[in-house]
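Residue numbers (our numbering), protein chains in the order written: chain A, 1 to 354; chain B, 1001 to 1355.
Treat each hint with caution, since some may be false.
Listed below are the simulated DSS-like cross-link pairs for lysine-lysine, each with C-alpha atoms no more than 30 Å apart in a straight line [to be verified]:
(1) A:149 x A:126
(2) B:1066 x A:149
(3) A:126 x B:1066
(4) A:149 x B:1044
Partner residues are not named here, just some residues of chain A that face chain B (Cβ under 8 Å, in silico) [what the hints assert, rightly or not]:
(5) 25
(6) 32
(7) 42
(8) 44
(9) 71
(10) 73
(11) 83
(12) 90
(13) 101
(14) 113
(15) 116
(16) 126
(17) 129
(18) 305
(19) 309
(20) 310
From the derived model, a few chain A residues whose C-beta atoms are all more than 10 Å from chain B [to be verified]:
(21) 137
(22) 144
(23) 207
(24) 225
(25) 249
(26) 251
(27) 283
(28) 322
(29) 327
If you are wondering where the hints come from, they were derived from the structure by calculation, not from laboratory data.
Remember, it's a predicted structure, so these values are computed and weren't measured experimentally.
Beta carbons: idealized from backbone N, C-alpha and C, even for Gly.
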Amino acid sequence: MSLTDEETLSATKPHQVQNADRLSLAMTLRRMFTGYWISQSIYAIAKLGVADLLSAGPQSVDQLARSLRVDQGALYRMMRTLSSYGLFTEDEQGLFQLTALGSLLRTDVPGSMRAMAIWNGELPYKAWGAVLHTLETGQPALSHALGMKLFEYLSQDLESRRIFDEAMTGLSIQVSQAVVQAYDFSGIKQIVDVGGGQGTLVAAILEAHAELRGILFDLPAAVENARKQVALERLASRCEVVAGNFFEHVPPGADCYLLASVIHDWDDERGLRILTHCRKAMDQGGKLLLVECVVADSSDQPFSTLLDLQMLVVTGGRERTETQFAELLAAAGFRLTRVIQTEVPECIIEAVAI
Amino acid sequence: MSTTSFAKKSSTPPPASMGLPPQLVLARMMSGYAVSQLIYVVVKLGIPDLLADGPLTLEELTAGTKAHPQSLLRLMRGVAAVGLFEEVNERQFALTALGQYLRADVPDSLAPMALFSQDSYQAWGHLLHAVETGETAFPHVFGVHRYQYLEQHPDAAVRFNAAMSVLSSQLRRAVVAAYDFSRFKTAVDVGGGQGGLLLDILQANSTLRGILFDTASVVQTITQNRVTAGVAERCKTIAGDFFKAVPGGGDVYLLAHVIHNWDDDQSSSILENCAQGMDPQGTLLIIEMIMPEQCGPSPATYPLVMTDLQMLVMTGGRERTEAEFRALLERAGFELKRIIPTQALESIIECVRST
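The shape of chain B in the complex, shown without the other chains (with noise of 0.2 Å):
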């Protein structure tokens, strides 16, 4: 299956297995892992950017890594074997297309994601344990929560910012096009991170007023490139903690992919706390993936069923179905009135205080 025909039939995907036998579907799924530490460790030796410029010999590779050559060779060889690499010349190794999107350099560089391994690797590692326990598998690993580990080292936390910022780029540009705020005077974006999905807002709606609350820690490392006139202005940051109160005055409030971090009683107390500091007549949008009743076989449902298992090893928290949603936000204070699609995986759930 060609990646273009993939593209094509993506409305209607058919089965991963389709025409291979089972035994090699099944194979390449079980070693999925070396397929991945292997991208890590090219993308960790900084060997795309060394590529950026044309193709390099396994010497040039070399004196610019530190790494052992024979086992650089073998490693080139494998990367190029899936497809990230070519070898143009013996022992002399050039980006493939797919390989570009590895370089730190270019817009919308992959290079965050591939390096996010090195912190979730290791918690996967006892995916069985959560499966056992039900207990979430990071802090099992490590002895705390996944967030106040990105607390205590700052090297994870820009890691992981790094690969959030990736992810919610094509996010961000889906929920600007997908709903109007037009009506609104402020947006409080609670735990808005760095700031990317409201400075967009901001942007598509030139009278909106923004707020941007997340806890100290995050507030502190926000980088201030993406100053746009007219925007910054608009827009004041605000440090706190989502579980004891979220800051008031805003007429619309941003829960994106917050709650998915969270079990049930946590979520509650993060809505509770937004119904408290909204207008009584104010909106909250959360932004999320909506999970189906039930899954079929299809790898449209890949990212939703994976992302789920990822809560459950990394933060404790899950994708959760409409009916879900709606017993939350109920138990919340809060009405589902509509949930609006986006272009990207993510919808957008909007609600109302419960009258």
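For reference, chain A alone in the conformation it holds in the complex (with noise of 0.2 Å):
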């Protein structure tokens, strides 16, 4: 859930902007306060799938308007203004065609941002417009919108569900590479991914290590999409896949148990429980793995820090302090051993059951 906007953060460096002249920081600051207009133009020609029509070869909006039945006007207006900001480029009989930057809305596409870019623009959306509501309480803005927490929500309604997950995929594509890159697994026999999702960091450990296996654990609406992924298939000899709630137990009996991006979900009191049910679930000396942001004690973070808000007010979860994370889990009957910083900005807390 990203949403650092790196041009305008080095823009506005207090240390930069002295020199700048009065027009262009008003610049820069209008450009802020209608952040919601480019985001909501990118949700549209995502949720219509503009980018897979295109995916052929060059198309005139007319052509792109009959095969989604919409309206050519206003697509053209759409289509114009993603052109200026660089998703596609129109050229002179006016045909439209996928840009580097375009083709990233592709399905298809390793990498896709697609689903990010749907996700975004419904619940977070609807979320953010509420957040007045998150600084009078301390309450996500999400729940006071939907009247549920979300992942109550997200049970309920599969669609956004799926959308969730599949997002979610597509980040943890680029994380799940990088952790495997990042840790050594050798010795290690079985891995339970707890809330694991689509199960795309299992899979990713499993293909590297052929002596491991694995069993992928979350609520029975995520693994039911899961198990429809190719890659758990081809490991299916040696990846279990089991449906729970990891507020009431955690498969038992691994020597290596991971929670990624799970705990910043969560509040200190529910991130607890669940670290207490993996203890639980854990022998003396086993190991457990959370991949996280870790944010540092200072404000000159902005991926994290933004991701924190995203947290806040969304799901009601926070990004933590190593400090914090050695509290937590001690709490739960475990010791940091080491933060190993990936070449994603999160990183693998390492912690021992005691």
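Please assemble the complex out of the two chains, which come individually in their own frames, going by the hints.
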């Protein structure tokens, strides 16, 4: 759920703006004020599947509008806007073509960001519309907007659940590769990916370690989608898929447990409950690996700071500092042994059951 | 890319994506809504004004805003991360040069624009509906046209007028500098809102008289704080509906940021009423951005294409190309004489009655 505006950020560091003229400062601010305009434009294009239609070659707006059954004039105005932002190019015949940027919205490319664009444009967008509620009460604005918490809602709205899972899978492909590179899994016999969603991470680890066996554990709605994943089908003999709720129990007996981007979805009380269930499932000396962003004790970290706000507004969770992780782990019967930075913003936080 | 280098290159702006991996470029566009709302909520809570006299601690900010302290800390750090505040000591925050613009009490304050999202964020959540159907999103969400809504919701009208005044301050200076009004006797500003543009023109042209024309509900809200010596007595205000009639007797008529709010039929009706009201030898000046025939990938076109979508979402209007303006004017009985660029993004489209 990245929301870093790198260009804006680099353009507005206090030490850099001192010499800038007033007009460009005002322009920078105006672009920030209207950030939701471009977010929703990208959402609409992603939801309609325009990039998939253009994957075979350039098309006119007339052709696109007929395939999509949408208003031609309005679609043209959207396409023109997103061309200006570099997602498409328009040639002299009025044919629109995908750029490298726009191609990221295709469904079938590695690292597709289409699901993430759709996800951001729906529930999180709605939640941020009620952000004042979070500031007044400390409660996630999403719960206020929907009348229930995110994961409760996702268990009822299966279409949103599917989009959420796809969006997270898109993200976790990058994270999984980074985790496999950064951590030595040799010597481990069985690994349980707790809240593992579509199984991207556990599949990547099993692919890299032929001796390892795995369990993917998540809610029934999530694992139902996961069973259809090709990577998991190929690993079926070594990877079991188990449905359950990590607030009730976690499959016992493995020597390594993974919690990737799980704890940050929850406040300390619920985070502790998940960790305690993991600890109960494990023998002393067993390993627990958290894959999370680790926040420094300052504001100078745009990515994790803004991700933290996304957690505040959408899930009610939070990003934590190393000290906060160590305390939470200790309370559940673990000792934090080391923090390994991967090549993506996420770190591997290694802990041992004591 | 620093702001400084952006400003230097603004005559030939580079693509926004220059030097950044496409994943990052797309991610920041996709999540722009969170940054917008972050800024909205700090202004709504009045935080930039609290920080006007210097840095404050989290405790002081909590006392001043009545916000939830832990959430406020996370908010302050998020806003610091986008460069509007600075955490000068642990849990103590100050405004940056950029953040100063969000104070209500500075000249050219942008605070009203930050608050404007309260009115349009929800409508933009239905952009997809507008593209699917061609319908305007705002009435789809709120049940009435944008301007009816503003008449029914005085709070929203105050926010709207404040935001529009910010937008127009730069434009007013640019129009006065770019166009010679000295040959005219009476200027009629049709849909002139709070009257900012007309008063500036009168101030620069000491013998010109002015008529400010807008709907009764807009005219009622005009604050008399811009009464400058020698100007107010040369300007009168008339309430009415430009879809029915426009005051007669002027030799120059202004339509600034009016036509882009309406579709071709509605625009044509406004223009025809201007033609009815004005002297046969009179001049009509339309002040609008002009959409190029083709938009290349350039930040220079962002305000144009984005305002066009804002019209699609909010009012049902559109930004037009020169050819589209010519066709519209011809239909209403006008001839486009020349297009005068200004230092602002808008141009002045000078028109006379067709012979």
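Next on the checklist: The output says residue 249 of chain A does not contact chain B. Does that hold with a beta carbon cutoff of 10 Å?
Outcome noted: holds (31 Å)
Next on the checklist: Over 10 Å from every CB of chain B: does residue 137 of chain A meet that, or does the non-interface label fail?
Outcome noted: violated (6 Å)
Item to check | Exclusion check [residue 283 of chain A not at the chain B interface, CB over 10 Å] | outcome: Check passes; 36 Å lies beyond 10 Å.
Next on the checklist: Take the shortest C-beta to C-beta distance between residue 305 of chain A and chain B; is it under 8 Å?
Outcome noted: holds (4 Å)
Checklist entry - Taking 8 Å as the limit, does the beta-carbon of residue 309 of chain A come near enough to a beta-carbon in chain B? => result holds (4 Å)
Next on the checklist: Just want to verify: residue 225 of chain A was marked as not at the interface with chain B; is every Cβ pair farther apart than 10 Å?
Outcome noted: The claim stands: residue 225 of chain A keeps its Cβ more than 10 Å from every Cβ of chain B (closest is about 22 Å).
Checklist entry - Does residue 44 of chain A pass the interface hint, meaning its C-beta sits closer than 8 Å to a C-beta of chain B? => result This interface hint holds because 4 Å falls under the 8 Å limit.
Checklist entry - Quick one, is the residue 126 of chain A hint okay against chain B at 8 Å, beta carbons? => result Status holds, d = 7 Å.
Checklist entry - Does residue 149 of chain A lie within 30 Å of residue 1066 of chain B when you go C-alpha to C-alpha? => result With a Cα-Cα distance of about 25 Å, the restraint between residue 1066 of chain B and residue 149 of chain A holds, given a limit of 30 Å.
Checklist entry - How about residue 129 of chain A: closest beta carbon in chain B under 8 Å, or not? => result Given a least distance of 5 Å, the restraint on residue 129 of chain A holds.
Checklist entry - Is the hint on residue 101 of chain A kept, meaning its closest Cβ partner in chain B is under 8 Å away? => result Where the cut-off is 8 Å and the nearest Cβ of chain B is about 5 Å from residue 101 of chain A, the hint holds.
Checklist entry - Any Cβ of chain B at or closer than 10 Å to residue 144 of chain A, or is the non-interface label fine? => result holds (13 Å)
The structure shown violates just one earlier hint, number 21.
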